[in-house]
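Asks: If you want the building blocks of each chain, they are given just below.
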Amino acid sequence: MRSPCGVVALLTDFGLEDVYVAVMKAVILRINPKATIIDITHNIPCFDIEKGALALWGSFKYFPAGTVFVCVVDPSVGSERRGIALATKNYYFVGPDNGLMYLAAHEDSVEKVVVLENEEYFLRPVSYTFHGRDIFSPVAAWITKGVPLEDFGSSIAPESLIKPSVKFGVEKVDNTVFLKVLYIDKFGNVALSTRFRELTKLLEINYGDLIAVSTDKKLEKAVVTRTFADVSPGELTLYENSFGLAELGVFKGNASERLSVKRGDKVFLRREVAK
Amino acid sequence: MRSPCGVVALLTDFGLEDVYVAVMKAVILRINPKATIIDITHNIPCFDIEKGALALWGSFKYFPAGTVFVCVVDPSVGSERRGIALATKNYYFVGPDNGLMYLAAHEDSVEKVVVLENEEYFLRPVSYTFHGRDIFSPVAAWITKGVPLEDFGSSIAPESLIKPSVKFGVEKVDNTVFLKVLYIDKFGNVALSTRFRELTKLLEINYGDLIAVSTDKKLEKAVVTRTFADVSPGELTLYENSFGLAELGVFKGNASERLSVKRGDKVFLRREVAK
Amino acid sequence: MRSPCGVVALLTDFGLEDVYVAVMKAVILRINPKATIIDITHNIPCFDIEKGALALWGSFKYFPAGTVFVCVVDPSVGSERRGIALATKNYYFVGPDNGLMYLAAHEDSVEKVVVLENEEYFLRPVSYTFHGRDIFSPVAAWITKGVPLEDFGSSIAPESLIKPSVKFGVEKVDNTVFLKVLYIDKFGNVALSTRFRELTKLLEINYGDLIAVSTDKKLEKAVVTRTFADVSPGELTLYENSFGLAELGVFKGNASERLSVKRGDKVFLRREVAK
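Heads up: the protein sequence lines correspond to chains A, B and C, in order.
Here the first sequence stands for residues 1 to 275, numbered as in this note's numbering.
Here the second sequence stands for residues 1001 to 1275, numbered as in this note's numbering.
Here the third sequence stands for residues 2001 to 2275, numbered as in this note's numbering.
Bound conformation, chain A alone:
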């Protein structure tokens, strides 16, 4: 377990039109005026725990050791779902126990989990609809001030944490591999549900090989490359994205439009060139 470093990173589905995010920051600064607050993103689609979990998983490991992550994609706020704080090997996570923080926390090895019960550290009266303001932000700020996790409530077993429905994974039938679209970024790059290295082993492919890519609506060919810039503008490629995942991209173009896919859609890959 690391000492808190004073950085608080926020991830929510609150958007930047309303004042919810600003209010969370205000509450944090009121408790710890020296906190450094960084936005991961607030544009997670409403209630989309899976997308939030992936965004947190893709980004947390670049933050300084001792960062406290406040994560709020919380469709069941005000219900019986638990509010929790976790310490992992290098970080702290505060938010609802609904799978949102699981992938990241699990990857960094969960060391301690407590249920947030001690109202002494909450903003009172606690509302029924905005625990990001009344519980998660103040608890995160108190962690940066050195309050130990056990002061917030009773410990629970890491095994009892809710898991998200995100499905990494890949299936192989004969010489065809079945994947899902994990997410699509602003550039239209299509991240797939497995690590690039696992996929290249499974398909027995190397840089320069050609693969067939089929989706519900399209049949295309892609070259296996180190990066989309290794081909001509407009060509489709398969490469390792910056988070280690297999990704389909079009150099100076948009792969999700080319393939007519959206998040969650199925993609089939098959090696074209015998070796």
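In case anyone wonders, no lab produced these hints; they're calculated from the structure.
Using N, Cα and C, we set each Cβ at its ideal position, and we do this for glycine too.
Do not take every clue at face value.
Think about it this way: if two alpha-carbon atoms lie no more than 27 Å apart in a straight line, the pair counts; the simulated DSSO-like pairs of lysine-lysine are [said to hold, decoys possible]:
no.	chain 1	residue 1	chain 2	residue 2
1	A	K34	B	K1034
2	C	K2186	B	K1262
3	A	K172	A	K145
4	B	K1163	C	K2252
5	C	K2145	A	K34
6	B	K1034	C	K2145
7	B	K1266	B	K1172
8	C	K2034	B	K1034
9	B	K1217	B	K1180
10	A	K186	B	K1186
11	C	K2221	C	K2262
12	C	K2167	C	K2266
13	A	K186	C	K2252
14	C	K2112	C	K2167
15	C	K2061	B	K1145
16	B	K1167	B	K1201
17	B	K1112	B	K1167
18	A	K34	A	K89
19	C	K2145	A	K61
20	A	K201	A	K167
21	B	K1252	A	K180
22	A	K221	A	K266
23	B	K1186	A	K262
Which bits of chain C does chain A cover? Going by a derived footprint, with three or more residues having C-beta under 8 Å, they are [to be verified]:
no.	region
24	2013-2019
25	2029-2036
26	2071-2081
27	2126-2133
Fit chains B and C to the known structure of chain A by using the hints.
Replies: Below, chains B and C without anything else, positioned relative to chain A:
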């Protein structure tokens, strides 16, 4: 009057596509490199003073005492409208005198108002179109450095401040209550033009009661609850939102779509269940 | 050449939906926890180097001396294009050598340019697709820590820098002036491809004069004013915008809609009133 704490909070209608907001921050840091700058929101619709006034009112009270708010929704920049700085019991506000800062400042008790006249504290030459950069941001930064309000210009009476056209309020005719939609958030929750506590008294309703909700296009029923999570997904509820207002929401759904309402629309509420 | 001041300003086309921007900030804070990070904008359209160059040019000069700008609009990441760091009279710039940083750096006088070669200062392994994270952000953070430019790689001649395709400029034929739409802001104000002062000389116009404005689809009249607030709501005006450019605006309205123009479109101006 509180001492400035070094936090500067920004609220504008400038959006995040253009560089206007960044330029304001740059100007502030140039005068006070130690300032902590927090965005409230920059996505107020262009020229929408009423929405800006509500956003500021909903958020200001969570900030540390001594925060300086720079507020720029300023359709008449460059005209005769006054630029002002206000000190309230706990905060400072800098911006145009057009109603934008009135609700928040008034709630915190206005203690002093000055007209911004002293060009010594402006970025010169002052442009005709961007007082956020040339007047309001530098004045806010100088306040954080300890410059007293009287140095910026002559005092004016708080009573002379322009009021915004925001209309909180509710009317009751027979057993029906007439309200307006004050704002709609990213989740489609519909905030109404009165406090929840006032509404429950007026309608003589309690948690669990059923009310009829009518809009121009829809007639629905809603349950009075502590939070939208108290009902089943898809049900409409009336509850106290996190700012104390009466709000209509759909658990894991979108109330503004369900009711076909937009900001400013009329909503009628009537108690359904006799007690 | 100035000493770095600890401010790092970011400009990218990454958007705020994905976690790319947050990851860059995390990498910077890991190297320099005391850095002050400011967003210029992340909403540059994908791959739009010209728009990025203009946004940087419009904003850089307001930042504190010693600010380090990290700029990533980088369609050719992973290809042979060079990654560079520049020192100008007052600032530092880090990013791809593709024209993005040229206008700003050139205006502030380039003093030194190095190619980023020394992997000791990179995040390793360096990915092929995200140099913003692996090269540009860490180099910027190391600059704020006092590492001299020569430590990052070999010097190159400022004359070898790639120039952007942005075309300021204006042509006059008989008594008509030909311009282009340089950019359109959130308010629909239409910035033109020349400085206001140059245009008024060329057209021999003064405040109060009337000019004819023609675009492909519209023929309108505009008054030359100090600001759009000098006319009645709904009127079209030509004025000096806050960056010194000639701009067409409608008081409390939207000039780009009125004129049916988009970025890059041609605009013809002619003086109407003889003097």
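Asks: Now tell me, hint by hint, if it's right for this structure.
Replies: Status of the hints after comparison with the structure:
1. The straight-line distance between the Cα atoms of K34/A and K1034/B is roughly 11 Å, inside the 27 Å bound, and the hint therefore holds.
2. Restraint check for K2186/C and K1262/B: the C-alpha separation of about 22 Å stays at or below 27 Å, so the hint holds.
3. The suggested pairing of K172/A with K145/A is violated, with an alpha-carbon distance near 50 Å, which exceeds 27 Å.
4. Distance restraint check for K1163/B and K2252/C: the Cα-Cα separation of roughly 19 Å lies within the 27 Å cut-off, and the hinted pair is therefore satisfied.
5. Our distance criterion of 27 Å between C-alpha atoms is met by K2145/C and K34/A, whose separation comes to about 20 Å.
6. Annotation: proposed proximity of K1034/B to K2145/C holds, straight-line Cα distance about 17 Å (limit 27 Å).
7. Proposed proximity of K1266/B and K1172/B is supported: the alpha carbons are some 13 Å apart, at most 27 Å.
8. Of the supplied pair hints, the one linking K2034/C and K1034/B holds, its CA atoms being roughly 11 Å apart against a limit of 27 Å.
9. For the given pair, K1217/B sits about 14 Å from K1180/B by alpha-carbon distance, which is consistent with the 27 Å threshold.
10. Restraint check for K186/A and K1186/B: satisfied, since their Cα atoms lie roughly 20 Å apart, inside the 27 Å limit.
11. Simply put, K2221/C and K2262/C have alpha-carbon atoms about 18 Å apart, close enough for the 27 Å limit, and the pair holds.
12. Pair hint K2167/C plus K2266/C holds up; C-alpha atoms about 12 Å apart against a cutoff of 27 Å.
13. In summary, the hint linking K186/A to K2252/C is not supported, as the alpha carbons are separated by about 32 Å, beyond the 27 Å threshold.
14. For the hint linking K2112/C to K2167/C, the alpha-carbon distance of about 25 Å falls within 27 Å, and the restraint holds.
15. Note on K2061/C and K1145/B: the hinted pairing holds, with a Cα-Cα distance of about 22 Å set against a maximum of 27 Å.
16. Taking the CA atoms of K1167/B and K1201/B, the gap is about 20 Å. The hint holds against a cut of 27 Å.
17. At most 27 Å may separate the alpha-carbon atoms for a hinted pair to count; K1112/B and K1167/B meet this at roughly 25 Å.
18. Using a Cα cut-off of 27 Å, the hinted pair K34/A and K89/A holds, with the two alpha carbons roughly 24 Å apart.
19. Note on K2145/C and K61/A: the hinted pairing holds, with a Cα-Cα distance of about 22 Å set against a maximum of 27 Å.
20. For the hint linking K201/A to K167/A, the alpha-carbon distance of about 20 Å falls within 27 Å, and the restraint holds.
21. For the proposed pair K1252/B and K180/A, the alpha carbon gap of about 25 Å is at most 27 Å, so the pair holds.
22. Proposed proximity of K221/A and K266/A is supported: the alpha carbons are some 16 Å apart, at most 27 Å.
23. A hinted pair counts as satisfied when its Cα atoms are at most 27 Å apart, and K1186/B with K262/A qualifies at roughly 22 Å.
24. Counting residues of the region 2013-2019 of chain C whose C-beta sits closer than 8 Å to any C-beta of chain A gives 7, which meets the bar of three, so the coverage hint holds.
25. Residues of the region 2029-2036 of chain C with a Cβ under 8 Å from some Cβ of chain A number 3, which satisfies the need for three, so the listed coverage holds.
26. Here the region 2071-2081 of chain C counts 5 residues with a CB under 8 Å from a CB of chain A, which clears the bar of 3, and the coverage holds.
27. Counting residues of the region 2126-2133 of chain C whose CB falls under 8 Å from any CB of chain A gives 5; the rule of at least 3 is met.
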